[in-house]
Structure formats: structure tokens, C-alpha cells
Amino acid sequence: MTALLEVEGLRAGYGPVRALHGVDLAVQEGGMVAILGPNGAGKTTLLRALTGMVHTSGRISFDGRSLAGLSTSTIARLGVAHVPEGRGTFPALTVEENLRLGAYTRHDAAGVRADIDRWCRVFPQLAERRGQAAGNLSGGEQQMLAIARALLLRPRLLLLDEPSLGLAPMVTRELFAVLGLVKREQRTTMLLVEQNANLALELADHAYVLEAGRTVLAGPAGQVRSDEDVRRAYLGY
Amino acid sequence: MERLLQTVVDGVADGSIYAALALALVLIFRSTGIVNFAQGEMAMFATFIAWALHDGGRPLWLALLAAFAAAFLGGMAIERLLIRPVEGADAITKVIVTLGLFILVNAAAGWIWGFTNRGFPSVFPSGVARLGGVALSIESLGIIGVLLAVVGLLGLLFQRTKLGLAMRAAAQNPDSSRLVGIRVGRMLMLGWGLAALLGALAGVLVAPRLFLDVNLMGGVLVYAFAGAALGGFDSPLGAVVGSWIIGVTENLAGTYVSAVGADLKVLVPLAVIFVVLLVRPSGLFGSPEVSRT
Chain A
1 MTALLEVEGL RAGYGPVRAL HGVDLAVQEG GMVAILGPNG AGKTTLLRAL
51 TGMVHTSGRI SFDGRSLAGL STSTIARLGV AHVPEGRGTF PALTVEENLR
101 LGAYTRHDAA GVRADIDRWC RVFPQLAERR GQAAGNLSGG EQQMLAIARA
151 LLLRPRLLLL DEPSLGLAPM VTRELFAVLG LVKREQRTTM LLVEQNANLA
201 LELADHAYVL EAGRTVLAGP AGQVRSDEDV RRAYLGY
Chain B
1001 MERLLQTVVD GVADGSIYAA LALALVLIFR STGIVNFAQG EMAMFATFIA
1051 WALHDGGRPL WLALLAAFAA AFLGGMAIER LLIRPVEGAD AITKVIVTLG
1101 LFILVNAAAG WIWGFTNRGF PSVFPSGVAR LGGVALSIES LGIIGVLLAV
1151 VGLLGLLFQR TKLGLAMRAA AQNPDSSRLV GIRVGRMLML GWGLAALLGA
1201 LAGVLVAPRL FLDVNLMGGV LVYAFAGAAL GGFDSPLGAV VGSWIIGVTE
1251 NLAGTYVSAV GADLKVLVPL AVIFVVLLVR PSGLFGSPEV SRT
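Just so you know, the sequences run in chain order A and B. Residue numbers for the first sequence follow the working numbering, so the first one is 1 and each next one is one higher. Residue numbers for the second sequence follow the working numbering, so the first one is 1001 and each next one is one higher.
A couple of the hints might just be wrong.
[As the list claims (entries may be wrong)] Which chain B residues face chain A? A few, computed with CB under 10 Å, are given here:
no., residue
1, ALA1169
2, SER1176
3, ARG1183
4, VAL1184
5, GLY1185
6, MET1189
7, LEU1190
8, ARG1209
9, LEU1210
10, ASP1213
Everything labelled a hint here was simulated from the structure, so no lab data went into it. On a predicted model such as this, the values are computed, not experimentally measured, just so you know. Virtual Cβ for every residue (Gly too), placed ideally from N, Cα, C.
Can you make the complete structure from the sequences, with help from the hints?
Below, the structure written as C-alpha cells:
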């Protein structure tokens, strides 16, 4: 396996405030990597750095190509989909329009229609509300819409920022079941930022722990899970 | 009865001209959150381009086409060069930029074409059409027809095409739009180009009814603001309906209320803006965003 995404010495920040102080990580093609860490560790900034939403320095290589300095829309066109924190749906547009926007860069109209139908079968809640404004959906439904929209890009790399945030445990389970399906069936490469370390480590094959903008621990998910410190800090047992 | 009908049709025609400019204001407000005070002056400048070409011997249709193209390109250039740098700035900075643009365009037109009145030809024949025994001005009917066609085309663009969907998305949530691969900057440029085009349309429709000079659009802009405020500043449908109401009210008051007459007509839109702001600040069709996070 080769690394689809390689990051070396990544620094990023907002104006004078630095949030990342040199992060290294690699995501294998078809793999799923979880990023764990406390609030303020720089997890969201890391994802924003990968899609060109904050100023960065350091090396980001996606499929052998440097992403440094590319605009967010160009990075999306290369096949990187990003489900941002807070979901980032278009509240005044309908569910269907949100999904069509996910496929904005694609030109295979028939394939897009088939994919929309497919994700509506996977998320029946969306099918029932296709014509409604996205702003009327519940939090869980909005998250499903955000993920379905990202998948419509047919991404080579899917970035997910705290998909379980603010959701009921049952809804979170359902959502992670779908992510498992995407991993198995689509073989979509994923980078998952998640507070719920237990769930994330069940699904991921690799994990990194971020603290104060630095990688402090990395390894196969099972190994990170059994790490004494991680268990105490993030798993709560 | 005939006089009432004529007044109403003329009012809707005037309202349609205001509506074209009001649509331009709404388009820009929705996409960039800017109230473009220079919209009228940009329209006046485009109208002068049409006048100059026609005066130089070009056929009217060619002069109009060239003016529309110039307006479209000019609107895009203004977005790229003047508005983009203040994109993230606060509201007052943006207002000052559009006010500066107002003065700049107004002065430039005066410098190039002078400050005298010019006659501007109408694309419509002057006579009247008899509809059910009522003589109605062909020009008024033509203006209403043009506006309805424009509204239909805009509806098709925004509701039925991928480009229109992307423009709506970019206006609503620029960050998420970039994440799905939309070039947001280009969408904003396109929005300003379209708005300038709509303004130019208002300019060439109103110029034959008044005289063309550098202050051509001053009054129209006030009426368009009143129409947009009445309809709701974020609603295209509201802008059209609001402008029609303003046009009809203005004409009825001018015709039937002797105390108002032609001189005080301009008080009507000002009174409307005042009352709307007091009673229903979001306008008839404007609605607070529905959202849940």
C-alpha cells in the first residue's frame, strides 16, 4: 500500500495565533485514520489546513501532488471532500439541491442521479425530505445530509470533522454504521476527527493523538486503544 | 374608468423599470451583503454608452447590445477590482466604497459626455394599442413585457440550471461552496455582471421617458430602493411586486391627489420606505432565514 495523503511538519494558524506546530501523518489508500485529542489540540485546524482553508507551511502531498497554496475549490476538484465542523449544509436550499451541489464538479448526470438515489436509500430520512429546505432537518439528519453530499463528490479522500457532535447516541451509532459501509463497499479513504474515541478506534485502522498542535502518539488503532495514557485521557476507563 | 386603467398600466410600467434596478440591488445584496448605492450610476453610464454609439450612427439594437455587454463586463470588473478587496470588511466600509463608486461613475460620465440633457430613442413605437376599448401606451405594455421576460429568464437561470444553483449556494455559504468545488469568486463576479446588466436595462427603458443626463437614475434608484424595501431586500419576487406597488401608487397619487401632483410624487416612495421600516422591517416577502444548527 502507498500513502494517498502524506503530511510533514505541517504548521498552520489564524493570523498570529499558531494552532499547529509541526504535524506528521500519513493515510494509506483505502485506509481510515482517526485523529484524537482534547479540545483545542488543533484537530479542526488540521482538516482546514488540508483543504486550504487556513494558511499553512510544511508539506502536504496528496496522491504525489503538493496541495500547498492551492485554493479550497481546486483541492475539492482533486477529489478531497470535507465535512466541516457544524456540517456546513445550505439551510435555505432543499435536500435534493444540497446533494446536487455535492456533485458539482462531476459531469456524468446519469451517474449523479444514480448516486443521489443510492444515498437516499442508505439514508431513508433524506429520501422523505428531498424537497424540503435543509434548514428544517434535525441535527442528525443534517449530519447525514452533509456526509451524503460529501460522498456525491465521489471523493478519493473524505475528511470528517466530529460527525457525532451534538447527536444522540443512537443516531451516532447509525451514522458510524454507514461510515463502516462506506469504508467496506466504496473503499473510500477517510480521515476522521472525533471526540468519541471509542467509536473512532473501532472503525479506524490507524490513529494519531494530537495535543497542543503536535502529534504525541501514533500507531495502529488497536495499539493506541490499549495505550494506558490514551485510555485514561480519552476512553474513560 | 379608462383613465384609471391607463394610470395603473403606466404605473406598472414605471414599476417594471424600478423592478429591474431593484432586482439588481437584491441580487448583489443577497450574494455579497452589500447595498450597492452606485447601481443607478452604473446603469446611467451604460445608457450613455448606448446613446453615444447610436449618436455616432450605429443602429439602436447594436448600440443597446454593446451597452449591455459593456455593463456586464464592467460590473464583473468592479466586483473583482473594487469589491473583492473589501469582501471581509465591515458594512460601513463597503457602503463607503459603493458611495465612492457612485461619485466616481457620475463624475466620469460628466467628464466624458458633459452635463447637458440628451434625447434617448425608445425601442417601442410611440402610439397606443386598444385593448377592450381602452387605449394603452405601446411603450408601457412593451416595458412590462420586457420585465416579465427578464423575470422568467432569471427564474430559469436560478431555479433550473447548475450555474444558478451554484450562484445561490455561493451567496448563502461561501465556505461550503468552496468545499464542493465551486469557484465562489467567479460566482460573485457573475452576480455583479448580471446586476449591472439589469441596471443597464432599467437605464435604457427609463431614458426615453425622461431625458438622459448624468442624474438620470437618481430618482429611479430611490424608487427601486423603496420597491426592494417594501418587497423585502432579500427577495427577488418581493423586489418586483414591491416596485410595481410603488409605481402604481406613485402614478395614482400623481393623477388623483391634486395636492401631490407631479412635483411631490417622489414623496410617495420615501413615505413607503419610512412606513415599511417602522411596521415590517423585513418587507412583504423577506423572511428571516430558517436554520437549525
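Against the structure, the hints:
Contact between ALA1169/B and chain A, as hinted, is supported at the beta carbon level, the nearest pair being about 5 Å apart and thus within 10 Å. Taking 10 Å as the C-beta contact cut-off toward chain A, the hint placing SER1176/B at the interface holds, the least distance being around 4 Å. Because the beta carbon of ARG1183/B sits about 5 Å from the nearest beta carbon in chain A, less than 10 Å, this interface hint is met. For the restraint placing VAL1184/B at the interface with chain A, the shortest Cβ-Cβ distance is roughly 7 Å, inside the 10 Å limit, so the hint holds.
Hint status for GLY1185/B: holds, given a least beta-carbon distance of 9 Å to chain A, under 10 Å. Of the supplied interface hints, the one on MET1189/B is violated, with its beta-carbon coming no nearer than about 14 Å to a beta-carbon of chain A, more than 10 Å. The interface hint given for LEU1190/B is broken, as the beta carbon of that residue sits about 15 Å from the closest beta carbon of chain A, more than 10 Å. Because the beta carbon of ARG1209/B sits about 37 Å from the nearest beta carbon in chain A, more than 10 Å, this interface hint is broken.
For LEU1210/B, the suggested interface contact is broken, since its CB lies about 38 Å from the closest CB of chain A, more than 10 Å. Hint on ASP1213/B is violated. Least Cβ distance to chain A is approximately 41 Å, over the 10 Å limit.
The structure does not agree with the numbered hints 6, 7, 8, 9, 10 stated previously, though it agrees with the rest.
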